[in-house]
Structure formats: structure tokens, C-alpha cells
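Visitor: Each chain is listed here by its residues.
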Amino acid sequence: MSDPARFVETPGVNESPTFPLRVVDGLTLPAEYRKALRPGEEWKDATGFPRQLPRYFYEIPSWDLAMKIELASHFLLWEFIQVDVREAPPLRTFPRYVPCAITLLAVCLERFRDAVGTLVHISANGGYRSPTHRFSKNATPHAWGTAANIYRIGDTYLDNRSAIERFSLIARETLPGIWTRPYGAPTGFAEDHLHLDLGYVLSVPRDVKN
Amino acid sequence: MPKKEAPAPAATEIVPREHALREQIEKIEQESGARAIAVTLRDAETGLELHYHGDRWFHAASTIKVPILLGAFAAINRGELLPHSRVHVRNRFLSVVENIPFRVESGRDANSVVHNAIGKMMRVDELAYHMITTSSNLATNLLLGVLGPDAVSQTLKELHVDQGIELRRGVEDELAFEKGISNMVTADGLLRILVMLSEGKAFSPALSRRMMDILHGQEFNQGIPARLPKGTRVAHKTGEISTVAHDAGVVYLPKRKPYVLVILTEWDPAASGRSQTIAAISHTIYEYLTQGPEDK
Numbered sequence: 001m002s003d004p005a006r007f008v009e010t011p012g013v014n015e016s017p018t019f020p021l022r023v024v025d026g027l028t029l030p031a032e033y034r035k036a037l038r039p040g041e042e043w044k045d046a047t048g049f050p051r052q053l054p055r056y057f058y059e060i061p062s063w064d065l066a067m068k069i070e071l072a073s074h075f076l077l078w079e080f081i082q083v084d085v086r087e088a089p090p091l092r093t094f095p096r097y098v099p100c101a102i103t104l105l106a107v108c109l110e111r112f113r114d115a116v117g118t119l120v121h122i123s124a125n126g127g128y129r130s131p132t133h134r135f136s137k138n139a140t141p142h143a144w145g146t147a148a149n150i151y152r153i154g155d156t157y158l159d160n161r162s163a164i165e166r167f168s169l170i171a172r173e174t175l176p177g178i179w180t181r182p183y184g185a186p187t188g189f190a191e192d193h194l195h196l197d198l199g200y201v202l203s204v205p206r207d208v209k210n
Numbered sequence: 211m212p213k214k215e216a217p218a219p220a221a222t223e224i225v226p227r228e229h230a231l232r233e234q235i236e237k238i239e240q241e242s243g244a245r246a247i248a249v250t251l252r253d254a255e256t257g258l259e260l261h262y263h264g265d266r267w268f269h270a271a272s273t274i275k276v277p278i279l280l281g282a283f284a285a286i287n288r289g290e291l292l293p294h295s296r297v298h299v300r301n302r303f304l305s306v307v308e309n310i311p312f313r314v315e316s317g318r319d320a321n322s323v324v325h326n327a328i329g330k331m332m333r334v335d336e337l338a339y340h341m342i343t344t345s346s347n348l349a350t351n352l353l354l355g356v357l358g359p360d361a362v363s364q365t366l367k368e369l370h371v372d373q374g375i376e377l378r379r380g381v382e383d384e385l386a387f388e389k390g391i392s393n394m395v396t397a398d399g400l401l402r403i404l405v406m407l408s409e410g411k412a413f414s415p416a417l418s419r420r421m422m423d424i425l426h427g428q429e430f431n432q433g434i435p436a437r438l439p440k441g442t443r444v445a446h447k448t449g450e451i452s453t454v455a456h457d458a459g460v461v462y463l464p465k466r467k468p469y470v471l472v473i474l475t476e477w478d479p480a481a482s483g484r485s486q487t488i489a490a491i492s493h494t495i496y497e498y499l500t501q502g503p504e505d506k
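Chains A and B supply the protein sequences, listed in that same order. With the first letter of the first sequence counted as 1, position 162 gets the number 162 in this note's numbering; the numbers rise by one all the way through. Start counting at 1 in the second sequence, then tack on 210, and there's your number in this note's numbering.
Since the hints were derived computationally from the structure, they do not count as laboratory data. It is possible that some hints are incorrect.
Claimed, not checked - Straight-line distance between alpha carbons at most 35 Å, and here's what the computed DSBU-like set of lysine-lysine pairs gives:
#1 B:Lys367 with A:Lys35
#2 B:Lys467 with B:Lys367
#3 A:Lys44 with A:Lys209
#4 B:Lys330 with A:Lys68
#5 A:Lys44 with B:Lys330
#6 B:Lys411 with B:Lys367
#7 A:Lys35 with B:Lys465
#8 A:Lys137 with A:Lys35
#9 A:Lys209 with A:Lys137
#10 B:Lys389 with A:Lys137
#11 A:Lys137 with B:Lys330
#12 B:Lys465 with B:Lys237
#13 B:Lys440 with B:Lys389
#14 A:Lys137 with A:Lys68
#15 B:Lys467 with B:Lys440
#16 A:Lys137 with B:Lys367
#17 A:Lys35 with A:Lys68
Can you make the complete structure from the sequences, with help from the hints?
Guide: In C-alpha cells, the structure reads:
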């Protein structure tokens with residue numbers, strides 16, 4: 001897919017010649033966004049271990065652009081930012097912000113897609129969601145932009161043990177270091193999707209000097 | 211189960227003018243084989259009210275979706291939701307019994323639209339529409355998941371229509387059902403909500419009208435509307451499980467003000483003739499309201 005939008009230069013100090021999104025320092029955003037994104041803050045995971053939240057984000061000016069920007073050959077930006085009414089209100093309208101590590105997740109998913117040989121569908125609330133999303137109780141890699149919930153691969157719905165475990169194994173064999181949530185109903189398990197993540201990865205673009 | 215006393219008229223309040231109507235309903239009840247029947251009526255044209263076992267509690271079945279509709283529009287009225295706010299369609303819910311997860315079987319919903327959207331998002335107004343018009347259980351639990359049962363109950367309190375309505379859980383929560391934890395309604399309770407909606411007094415005339423429009427889209431018409439004349443419009447909600455069959459709605463006949471009618475019935479699981487009984491009661495009331503005074 002080649003779309004002119006991919007090469008459009010947008011105003012901004014940290015722009016890449018081949019990527020149209022501006023990098024912003026979350027600490028410079030208006031208060032309502034800082035409250036929702038909590039840039040650079042510590043957040044404890046389920047075991048009580050503190051994790052540092054992302055500070056640098058890509059700014060997405062419009063849904064139209066999100067529909068056009070390729071993060072990988074078969075993944076467009078919009079697929080990673082679908083959130084519902086449970087997301088913090090400022091983060092449901094544009095401009096939207098997504099951690100810079102989202103590009104790493106897209107590359108991993110592209111490789112996973114190659115391995116499964118068909119479409120990989122990320123669920124709503126299953127890509128990036130902020131630490132103030134109502135689903136976010138403890139530090140989750142979703143708030144780092146490094147986790148995906150996949151509810152369907154090709155025509156297969158991942159809502160049973162067999163499907164989830166089969167594709168989980170493919171993910172772990174294909175993507176070194178990837179973590180997949182085990183099948184099951186209790187907290188920490190998943191029974192109606194495949195969760196995979198890269199962990200709490202922070203991405204700091206080269207243009208960032210401070 | 212101890213129940214709150216509804217402040218409405220007594221279980222079977224008899225005004226002389228209603229006597230003949232009450233006798234006809236009793237006759238239908240005796241011939242139907244139903245375990246229990248409750249009928250409440252308020253006619254905006256004549257001012258007639260009937261409360262036939264109006265404060266008896268029944269398992270709500272899908273009539274509980276009317277209070278949930280009210281809860282959704284309360285959130286819209288407060289600005290917490292917009293009609294086009296999007297909700298993640300996910301078929302996983304937690305029982306009120308020990309938070310054990312459960313799913314809504316797709317075969318239990320009359321249409322597949324909501325089930326086909328699993329993993330995607332649907333608008334609040336779309337979910338409300340499917341919850342009422344085809345009684346989608348998945349849509350109901352998704353809306354309730356966003357609203358929260360406590361917020362819906364609070365809305366009913368603020369509108370002074372909480373008596374006669376007990377919202378305790380989502381639908382299809384089999385574990386809760388087995389433990390006797392069910393949503394309950396009285397005919398008086400549902401009548402109060404529908405009167406408020408039909409009079410345009412739920413939040414605003416515009417929001418009331420939107421809820422009524424959804425109720426007008428009802429696709430299950432074997433109960434109240436079944437034996438009414440052509441040209442009659444009925445905004446209503448049905449409810450049916452193995453032991454109950456209900457219909458509650460607002461009937462709009464040409465050239466007269468509407469009447470609100472709630473018919474709740476309870477049955478042995480093997481009993482038949484439920485819809486016919488509801489339709490017969492509805493027809494009796496229609497005839498009574500449209501006959502001349504000398505006929506009554």
C-alpha cells in the first residue's frame with residue numbers, strides 16, 4: 001500500500017522524513033492530557049513492581065490520517081487506537097497520542113501475520129489504551145503501546161482453549177521474548193482473545209535531546 | 211424474598227366503573243391456566259386506571275430492559291455518554307455470584323448483529339435499539355457493563371420510579387438465577403416508567419421521544435398488539451422465560467390519546483397459550499376503552 005499521506009511533512013520539531021507523525025514530549029502537553037497519559041510517571045504492576053510509563057508520543061491529528069498511515073505492511077495505525085467509552089474523555093477525540101513504541105509492536109505483529117498466513121484482527125480496547133482507561137487497573141503493556149489483544153485470526157475466533165493455545169504457541173515460536181497470556185478465566189488469564197506483549201518497552205526517538 | 215411495598219393503589223383496587231373489566235380479566239385468567247396474572251392500565255383519554263394485582267412481584271425477564279434503557283438515556287442526559295459513544299463488543303461478563311465469568315449464547319439472541327460485532331465496537335444507540343427491538347441479551351449486558359446496575363437504580367430513584375423495579379444483575383446470569391438472584395418487577399412499577407415516557411417526562415420531551423421511538427421498533431408482536439386493529443401503533447417491550455411471559459407498552463389508537471398497559475403472567479414451564487392470553491387481555495381492554503358508555 002502506498003499512500004501519499006505517508007510522506008506528507010507535518011509541522012513539528014521532531015519529524016522524520018518518511019513518517020508523518022510529530023513526536024511530542026508528554027510533559028509539555030496540556031494538563032488534561034498529562035492527567036490522562038501520566039507521562040513518565042511510575043505505575044505499579046500486578047505484583048507491586050513499579051514501571052515507568054512512556055513519556056514520548058506520536059501525535060495523531062485525525063482519524064483520517066490514522067486510517068492511512070501504515071505501521072507495517074498489513075497494519076494501519078487506526079487498528080492500534082480503537083478505544084471505547086471507557087477511555088479517558090480527552091483521549092477519545094483528536095489529536096490522539098500513542099507511545100512511540102507502537103511501531104515496534106506493529107513490526108512484531110507483521111512477523112506474526114506472516115507466520116499465521118492470514119489476517120490478524122486487534123480488538124477494540126486491545127491496542128494502546130491509556131493508564132486512565134477504565135480497564136487499566138495495574139500497569140499493563142497496553143499503556144506502553146506494546147501489547148495487543150487479538151480476537152480473530154482469519155476466520156478463527158480466539159474464544160476457546162484450542163484456538164488460543166495454538167496461536168499462542170505460534171507467537172512464542174515466531175517472536176523471541178514475546179509474552180502471551182495463558183488460557184483461562186481468572187485475572188491474569190484470557191479466554192476470549194490472545195493477549196501478546198513485548199513488556200514495558202520505552203521508545204525514545206533520536207530527535208529527543210532532553 | 212422480602213420486597214419493598216409499592217405506594218401505588220392496593221393489589222386489586224376496584225372502582226365501580228372498572229368492575230366489568232376486572233371480571234373479564236378474571237375470567238381470562240381462570241381459563242388460561244396461568245399461575246398468576248397482573249394487569250395495570252392508565253388511559254390518558256378517559257383517566258381510567260386499573261390495578262389488577264399491580265403490586266405482585268414477577269421475575270422481570272426482558273422487561274428489565276426498559277429500566278436499563280432509561281439508565282442509558284440518563285447517562286446521555288448527564289453528558290457521560292453520547293448516543294454515538296462507542297462500546298467494545300465483548301462476550302464475557304461476570305456473574306454476581308463470585309464474579310464467575312459467563313457468556314451469552316448466540317442462539318439465545320433473536321438476531322446476530324451484536325454477536326457479529328464481537329471484537330469491534332457498536333454505538334450506544336445501536337445497542338439500545340437491539341436491546342429493545344429484538345431483545346438482544348448481549349447488547350443488554352454490554353450497556354449494563356458501561357452504566358453499572360447501581361447507576362441505573364439511582365436513575366430510577368431520582369425519577370421516582372424505583373418502586374416496583376429491582377435490578378440486581380445482567381441477563382443470562384445462570385448462576386445467579388440458580389441462587390434465586392433475579393431481576394424483579396411489578397406491573398405498577400413498569401406502568402410508572404411507561405407513563406413517564408409516554409408523557410415526555412423522562413429527562414426531556416426529546417429524550418423521551420427517542421426512547422419511545424426505540425420501543426416503537428419492537429419486533430415481537432404476539433402479545434399486546436396481536437389482536438388490535440390495523441393502524442394501531444404499540445411501543446412496547448416483551449419478556450419471556452420458562453415461567454413467565456410479559457408485555458408492557460403504550461397503545462396508540464387513531465383519534466384518541468394513548469393508553470399504557472402492562473400485562474405480567476406466570477406459568478408452569480410446560481404450559482402453553484401465553485401469548486394468546488396476553489393478546490386476549492389486551493383485546494378485552496381495547497374493546498372496553500373503545501365501546502360507548504352504555505355498553506359498559
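Visitor: Does each hint fit the structure? Answer for all of them.
Guide: We went through each hint and held it up to the structure:
no.: 1; hint: B:Lys367 with A:Lys35; result: holds, 33 Å
no.: 2; hint: B:Lys467 with B:Lys367; result: holds, 28 Å
no.: 3; hint: A:Lys44 with A:Lys209; result: holds, 27 Å
no.: 4; hint: B:Lys330 with A:Lys68; result: holds, 19 Å
no.: 5; hint: A:Lys44 with B:Lys330; result: holds, 29 Å
no.: 6; hint: B:Lys411 with B:Lys367; result: holds, 15 Å
no.: 7; hint: A:Lys35 with B:Lys465; result: violated, 57 Å
no.: 8; hint: A:Lys137 with A:Lys35; result: holds, 16 Å
no.: 9; hint: A:Lys209 with A:Lys137; result: holds, 32 Å
no.: 10; hint: B:Lys389 with A:Lys137; result: holds, 30 Å
no.: 11; hint: A:Lys137 with B:Lys330; result: holds, 22 Å
no.: 12; hint: B:Lys465 with B:Lys237; result: holds, 30 Å
no.: 13; hint: B:Lys440 with B:Lys389; result: violated, 44 Å
no.: 14; hint: A:Lys137 with A:Lys68; result: holds, 32 Å
no.: 15; hint: B:Lys467 with B:Lys440; result: holds, 17 Å
no.: 16; hint: A:Lys137 with B:Lys367; result: holds, 30 Å
no.: 17; hint: A:Lys35 with A:Lys68; result: holds, 29 Å
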